[in-house]
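Undergrad: Using my numbering, read the sequence shown as starting at 1 and increasing by one per residue.
Honestly, the hints are just simulated from the structure, not real lab data.
Owing to the predicted nature of the structure, the values given are computational and were not obtained by experimental measurement.
Possibly wrong hints are sitting among the right ones.
Below, in silico cross-link-like pairs of lysine-lysine (DSSO-like), each with a Cα-Cα straight-line distance of 30 Å or less [what the hints assert, rightly or not]:
#1 K164 <-> K89
#2 K310 <-> K426
#3 K371 <-> K387
#4 K310 <-> K421
#5 K307 <-> K426
#6 K203 <-> K128
#7 K178 <-> K307
#8 K143 <-> K89
#9 K371 <-> K426
#10 K356 <-> K421
#11 K307 <-> K386
#12 K219 <-> K89
#13 K31 <-> K89
#14 K431 <-> K409
#15 K355 <-> K421
#16 K143 <-> K307
#17 K356 <-> K219
#18 K386 <-> K396
#19 K409 <-> K421
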Amino acid sequence: MFMLHEADTTFRRLLGISTSSSRKESVLELKNTTKWLSLRPLIKSYIRSTVFLLNQVTDCEILAFSICRLRASIIFLSAFPSLLRNLLKISVHLWATGVGSLSSQAFLIIQDIASVFSSNWFDVCFIKTYNAFISHSQFVERKFEHIHFLRNSFVELCCLDMHKSSNRARICIMHLGKILQKGWQTKKKRSIAEENFLIEVVKTICSWQYINCIDLWVKFISANIDDFDLQPLLYMIVQIINGVALLFPGPRYLPLRLRCIQWLNHLSGSSGVFIPVTSLVLDVLEYKITKDSGKHGKIVQPMSTIKLPKHWLKSRDFQEECVSSAIEFLSEHFAQWSYHISFPELATAPLIHLKKVFERTSIESFRRVIKRFIDQVEMNIDFVQKKREEVPFSPKDQQSVESFLQVEKRSGNTPFTQYYKSIMSKAASRKLISDRKV
Numbered sequence: 001m002f003m004l005h006e007a008d009t010t011f012r013r014l015l016g017i018s019t020s021s022s023r024k025e026s027v028l029e030l031k032n033t034t035k036w037l038s039l040r041p042l043i044k045s046y047i048r049s050t051v052f053l054l055n056q057v058t059d060c061e062i063l064a065f066s067i068c069r070l071r072a073s074i075i076f077l078s079a080f081p082s083l084l085r086n087l088l089k090i091s092v093h094l095w096a097t098g099v100g101s102l103s104s105q106a107f108l109i110i111q112d113i114a115s116v117f118s119s120n121w122f123d124v125c126f127i128k129t130y131n132a133f134i135s136h137s138q139f140v141e142r143k144f145e146h147i148h149f150l151r152n153s154f155v156e157l158c159c160l161d162m163h164k165s166s167n168r169a170r171i172c173i174m175h176l177g178k179i180l181q182k183g184w185q186t187k188k189k190r191s192i193a194e195e196n197f198l199i200e201v202v203k204t205i206c207s208w209q210y211i212n213c214i215d216l217w218v219k220f221i222s223a224n225i226d227d228f229d230l231q232p233l234l235y236m237i238v239q240i241i242n243g244v245a246l247l248f249p250g251p252r253y254l255p256l257r258l259r260c261i262q263w264l265n266h267l268s269g270s271s272g273v274f275i276p277v278t279s280l281v282l283d284v285l286e287y288k289i290t291k292d293s294g295k296h297g298k299i300v301q302p303m304s305t306i307k308l309p310k311h312w313l314k315s316r317d318f319q320e321e322c323v324s325s326a327i328e329f330l331s332e333h334f335a336q337w338s339y340h341i342s343f344p345e346l347a348t349a350p351l352i353h354l355k356k357v358f359e360r361t362s363i364e365s366f367r368r369v370i371k372r373f374i375d376q377v378e379m380n381i382d383f384v385q386k387k388r389e390e391v392p393f394s395p396k397d398q399q400s401v402e403s404f405l406q407v408e409k410r411s412g413n414t415p416f417t418q419y420y421k422s423i424m425s426k427a428a429s430r431k432l433i434s435d436r437k438v
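Construct the entire structure; sequences and hints are all you get.
TA: Printed below as a string of structure tokens:
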């Protein structure tokens, strides 16, 4: 432990390198000096032994400390490419499989390798971390938090070189699109052999690996679309999400459809691009809801599953969650455009449909939720229409149209905005209670 703690400081002092320097050139400039030639075997032995230790120890605290100390000496690895490759391989494994500080420290090593060394190392880091993310996101029922950490840290890694990342993202998203395209071929008549192959493709699409890959690229695009030209990627991923939602129309896939709606709302909110979701939401509300639809059963969280067992379909808890989630996502969609000059036109058709759903629904608790939403939307329609009647500009005046109600939007005090905040607050509380029961 003493060697791990003191080695980096000692080597830097003997070589005359500042303890704060992270420039690999600091080492490369010394490669032919007497000091470096005399210390090189010791430095290599220290790094090699520490990397070897990472493969032998299982204690998370020791691993995290060792990774942290290797990170301090990262510039010395510029002289030892083979050790750098081994360290990256181990770091990616610990990042993907570790917990807490160990996973975080391993990611910092990956991040440093991608940023300190040549651009080729960024490519290697990108490929290895993406493959690790895919392989470890297959079964996520009990580790959502860790999968989200892997997703967020990968997106952070991508931000180090957006040019390369966006090009590679395009390739990865196109691959997802090709898989989806094969899945849609199941709608056509095929031979038995082709049919069996396509059934496996559909299983691939309806898997956590595929879903988490979409989620990853949604996060990447949303995080960077304000600062970089990612419109082509946005268009591609929206097409894929809509394709997934329409490929699985049955009631057992309602959780998957809700997830698709959530993605589309997130992309729309981050990009400022209008992305229609009302038809998907209204399809969710078309699920038959009756008083005798079943007893309260096992707690169901639509966002924690992809395909429901058949016996869950009659669960009152599940039906309630579906209605609540649908209203939440439709509220989010409308909240994004509640200050837009065309909001009345946007909301009219969905309102007509919702009123029909309200009339058909016999369960009072569901009726209250739907009725309150209808009332709030109608109030906002009246609000926007009154403001439209007061403006002097024509619809062709694009600049004035874009500035319409922007002062009110910044204040966030309109009734619909307050309603949306209350809906989201209740959703968070409901999820917290549900998590405790599971």
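Undergrad: For every hint, state whether the structure bears it out.
TA: Now the hints, each set against the structure:
no. : hint          : result
1   : K164 <-> K89  : holds (21 Å)
2   : K310 <-> K426 : holds (28 Å)
3   : K371 <-> K387 : holds (25 Å)
4   : K310 <-> K421 : violated (34 Å)
5   : K307 <-> K426 : holds (25 Å)
6   : K203 <-> K128 : holds (25 Å)
7   : K178 <-> K307 : holds (22 Å)
8   : K143 <-> K89  : holds (22 Å)
9   : K371 <-> K426 : holds (17 Å)
10  : K356 <-> K421 : holds (26 Å)
11  : K307 <-> K386 : violated (45 Å)
12  : K219 <-> K89  : holds (25 Å)
13  : K31 <-> K89   : holds (26 Å)
14  : K431 <-> K409 : holds (28 Å)
15  : K355 <-> K421 : holds (23 Å)
16  : K143 <-> K307 : holds (18 Å)
17  : K356 <-> K219 : violated (35 Å)
18  : K386 <-> K396 : holds (19 Å)
19  : K409 <-> K421 : holds (14 Å)
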